[in-house]
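Chains as they are written, first to last, in this note's numbering: chain U, 1 to 74; chain E, 1 to 576.
Simulated from the structure, these hints should not be mistaken for lab results.
Watch out, some of these pointers could steer you wrong.
Unchecked claim - Under the rule of at most 20 Å between Cα atoms (straight-line distance), these lysine to any residue pairs were calculated in the SDA-like manner:
1. E:Lys327 <-> U:Leu25
2. U:Lys41 <-> E:Glu205
3. U:Lys53 <-> E:His195
4. E:Lys181 <-> U:Gly64
5. U:Lys26 <-> E:Lys327
As the list claims (entries may be wrong) - Facing chain E, a subset of chain U residues (Cβ under 7 Å, in silico):
6. Gln17
7. Gly20
8. Gly21
9. Lys26
10. Gly32
11. Asn56
Keep in mind the model is a prediction, meaning the values are calculated, not measured.
C-beta atoms are modelled at their ideal positions from N, C-alpha and C, and glycine is treated no differently.
Chain residues, written in single-letter form:
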Amino acid sequence: MKTNLAKANNKKLKVVQINGGHNILKKLNSMGIFDGSLIEKIASYNHGPVIVKVMNSQLAIGRGMAEKIIVEEV
Amino acid sequence: MKIVLVGNPNVGKSVVFSYLTGYTAISSNYPGTTVDILKGKTRLCNNECEVVDVPGCYSLEGESVAEKVASEIIKSKDYDIIFNVIDSNNLERNLLLTLELLALRKPIVIIATKTDIAKNKGIDIDYDNLSDILDIKIFPVVATAGIGFSVLEREVSAVFNNFKLPVPKIEIPSDITEKWKMIGEITLKVQKIYHKHPSFLERLEEITTTPVTAIPLAFVLIIISFYVIRFIGEGIINYVFDPLFNNYYMPLVDRFSSFFNEGFLKNIIFSKNMTPLEGFSVLTTGIYVSFVVVLPYVFAFYLILSVLEDIGYLPRLAVILDRLSHKIGLHGYGSIPLIMGLGCKVPGIFSLRILESNREKIIAASLLFLISPCMPQSAMIFAILSKYPLIYTGIVFVYIFFVGILASYVLNKMLKGTSDDLFIEIPPYHKPVFKNLVFKMRLRITQFLLDAVPFVMGGILLINILDIFSILDLLSKYFAPVLNKIFSLPAQTSSIVMLGFLKKDVAITLLAPFNLSLKEIMVSCFFLVTYMPCLASIFVLLKELGKKITFYVIVFNLLISLIFTFIFSQSLKLLF
Numbered sequence: 001m002k003t004n005l006a007k008a009n010n011k012k013l014k015v016v017q018i019n020g021g022h023n024i025l026k027k028l029n030s031m032g033i034f035d036g037s038l039i040e041k042i043a044s045y046n047h048g049p050v051i052v053k054v055m056n057s058q059l060a061i062g063r064g065m066a067e068k069i070i071v072e073e074v
Numbered sequence: 001m002k003i004v005l006v007g008n009p010n011v012g013k014s015v016v017f018s019y020l021t022g023y024t025a026i027s028s029n030y031p032g033t034t035v036d037i038l039k040g041k042t043r044l045c046n047n048e049c050e051v052v053d054v055p056g057c058y059s060l061e062g063e064s065v066a067e068k069v070a071s072e073i074i075k076s077k078d079y080d081i082i083f084n085v086i087d088s089n090n091l092e093r094n095l096l097l098t099l100e101l102l103a104l105r106k107p108i109v110i111i112a113t114k115t116d117i118a119k120n121k122g123i124d125i126d127y128d129n130l131s132d133i134l135d136i137k138i139f140p141v142v143a144t145a146g147i148g149f150s151v152l153e154r155e156v157s158a159v160f161n162n163f164k165l166p167v168p169k170i171e172i173p174s175d176i177t178e179k180w181k182m183i184g185e186i187t188l189k190v191q192k193i194y195h196k197h198p199s200f201l202e203r204l205e206e207i208t209t210t211p212v213t214a215i216p217l218a219f220v221l222i223i224i225s226f227y228v229i230r231f232i233g234e235g236i237i238n239y240v241f242d243p244l245f246n247n248y249y250m251p252l253v254d255r256f257s258s259f260f261n262e263g264f265l266k267n268i269i270f271s272k273n274m275t276p277l278e279g280f281s282v283l284t285t286g287i288y289v290s291f292v293v294v295l296p297y298v299f300a301f302y303l304i305l306s307v308l309e310d311i312g313y314l315p316r317l318a319v320i321l322d323r324l325s326h327k328i329g330l331h332g333y334g335s336i337p338l339i340m341g342l343g344c345k346v347p348g349i350f351s352l353r354i355l356e357s358n359r360e361k362i363i364a365a366s367l368l369f370l371i372s373p374c375m376p377q378s379a380m381i382f383a384i385l386s387k388y389p390l391i392y393t394g395i396v397f398v399y400i401f402f403v404g405i406l407a408s409y410v411l412n413k414m415l416k417g418t419s420d421d422l423f424i425e426i427p428p429y430h431k432p433v434f435k436n437l438v439f440k441m442r443l444r445i446t447q448f449l450l451d452a453v454p455f456v457m458g459g460i461l462l463i464n465i466l467d468i469f470s471i472l473d474l475l476s477k478y479f480a481p482v483l484n485k486i487f488s489l490p491a492q493t494s495s496i497v498m499l500g501f502l503k504k505d506v507a508i509t510l511l512a513p514f515n516l517s518l519k520e521i522m523v524s525c526f527f528l529v530t531y532m533p534c535l536a537s538i539f540v541l542l543k544e545l546g547k548k549i550t551f552y553v554i555v556f557n558l559l560i561s562l563i564f565t566f567i568f569s570q571s572l573k574l575l576f
């Protein structure tokens with residue numbers, strides 16, 4: 001089931017789509033978040049940032065940006 | 001020969017830089033400590049080499065100013081060799097930049113840092129294999145301990161002396177997704193990750209990231225830090241510096257003063273009242289305030305800040321504060337200048353560069369001056385309120401914080417636009433390295449001694465002279481109505497407000513000899529912290545953000561400060 005990263009459960013996820021402009025895409029891509037990449041959501045603050053594990057590092061992503069990342073559970 | 005040090009943020013470039021050059025670069029465990037370009041000479045290879053520490057970037061296509069600066073330097077190709085610093089704990093992510101650098105076809109070697117930490121985590125990297133695949137030299141090091149540098153030095157010297165610098169030949173795809181694919185294949189070949197039981201630090205990472213535990217823990221940590229600072233500061237004062245001063249120093253000064261005849265000269269040096277904190281003698285009050293009252297707290301503060309920095313707690317605090325930051329027009333990244341500003345405003349202002357929009361820079365700059373008293377200021381607030389229960393110190397800090405938030409909320413509503421989203425790497429916790437800690441403390445305390453102490457002494461001398469010539473009384477009369485009516489402060493404090501313009505970070509201590517009441521101290525602490533940025537930060541702000549913005553920031557600051565000092569003094573009157 002597809003959902004956005006802000007709403008997804010704390011699980012291993014696969015990125016299927018990024019609904020962002022050029023800048024956001026570039027930012028996310030350079031940190032290893034791109035169509036088809038595997039990430040793991042590990043925590044989420046109420047109305048606040050989402051924390052994901054990408055490759056071997058942890059990233060905090062603001063809510064707005066997280067909502068633009070469409071993921072599905074794997 | 002010109003070397004550029006390039007790598008992701010927080011991989012340890014500054015440590016490598018310090019090691020290569022012997023220069024003093026501050027390193028901490030959070031991304032973005034270096035935003036300025038550092039240059040130094042190294043004597044690798046008997047050649048005089050210049051080393052340039054480029055701000056950290058994840059990719060050459062980055063969007064923040066710091067990243068643009070980095071990419072501009074790298075793409076200019078105005079250097080002889082790249083030292084690409086990569087973090088062994090994060091091989092995969094780090095390799096993106098490496099591939100981009102390889103595509104430039106400039107001579108390059110890789111320095112892989114934090115190899116010890118990676119090994120402990122069960123990350124096993126076959127560096128030889130990686131070196132074969134990429135067709136370049138790789139030097140695994142433990143930069144904090146200096147391990148691995150002798151090999152680097154030897155081999156790099158050999159290369160330099162032959163004047164045959166290794167140019168990479170490997171084919172690099174131009175599309176970023178293709179690059180990631182290539183990286184995935186490479187890591188599969190060279191990296192094995194063994195499952196290990198989560199270490200204590202890893203479990204700590206978990207509970208400080210999960211909101212349910214992280215938020216209360218942050219509160220507890222801040223409160224504990226408060227108590228520890230007070231405990232250490234008071235301990236040093238009561239058991240070391242105060243006895244030393246009274247038992248050894250004061251008798252010397254007494255004897256020294258007896259050589260002088262009563263008169264003008266004696267008055268200038270020893271003032272009318274020699275008792276420390278009562279008169280304005282440079283030799284008694286000056287020394288006492290600088291070394292006995294403030295220095296112990298400066299030490300305690302820097303110790304706590306440096307430990308929190310090195311462990312890697314601060315970015316987590318940024319995450320917790322993100323929602324609040326958003327409401328006041330900053331994304332969580334905006335808290336980095338603020339956190340750096342807790343040390344000193346100047347690096348705080350420099351790190352404004354990591355923010356992308358001008359709007360955020362204005363908000364962050366205003367907030368920087370309002371919300372976070374710098375280290376000497378904080379230490380002085382602690383020191384001057386140390387004879388009262390800790391709660392009053394707490395009230396002052398909470399009020400400063402509250403006003404900062406409120407002001408920035410207003411600013412956010414006034415300025416058009418929205419703030420960007422948080423996007424920040426959270427580094428794993430590291431055990432603080434004792435050597436790094438000592439180095440940082442030494443640097444910061446030396447800075448305090450060279451910077452603040454002469455000013456305190458000079459300030460006290462000046463006040464003493466003003467006092468002798470009765471100018472102090474004159475000034476007091478002139479400013480009395482303002483200070484008295486609006487802030488309920490005694491008129492004599494006007495001279496300090498004026499001195500504060502020159503170097504406000506230490507002005508608070510000058511209040512010590514005035515015998516103010518608790519209420520008056522609290523109000524003047526707030527006013528002196530907020531009313532104006534110190535001269536040094538005004539200059540840096542001018543350089544970084546230009547005349548117009550600097551002017552707005554200062555005016556906004558003063559306005560907020562006047563209004564809220566008034567409110568503070570009125571509400572304290574009502575309360576007690």
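Checked hints:
1. E:Lys327 <-> U:Leu25: Violated - the C-alpha atoms of Leu25 (chain U) and Lys327 (chain E) are around 25 Å apart, more than 20 Å.
2. U:Lys41 <-> E:Glu205: Distance ~15 Å between Lys41 (chain U) and Glu205 (chain E) Cα, so the pair holds.
3. U:Lys53 <-> E:His195: Distance ~16 Å between Lys53 (chain U) and His195 (chain E) Cα, so the pair holds.
4. E:Lys181 <-> U:Gly64: violated (28 Å)
5. U:Lys26 <-> E:Lys327: Measuring from Cα to Cα gives roughly 26 Å; hence the hint is violated.
6. Gln17: Where the cut-off is 7 Å and the nearest Cβ of chain E is about 13 Å from Gln17 (chain U), the hint is violated.
7. Gly20: Violated, about 10 Å.
8. Gly21: Hint on Gly21 (chain U): violated, closest Cβ of chain E at ~11 Å, above 7 Å.
9. Lys26: holds (6 Å)
10. Gly32: With a closest approach of 5 Å, the Gly32 (chain U) hint holds.
11. Asn56: Nearest chain E Cβ about 5 Å off; hint holds.
Checked against the numbered hints above, the structure breaks hints 1, 4, 5, 6, 7, 8 and satisfies the rest.
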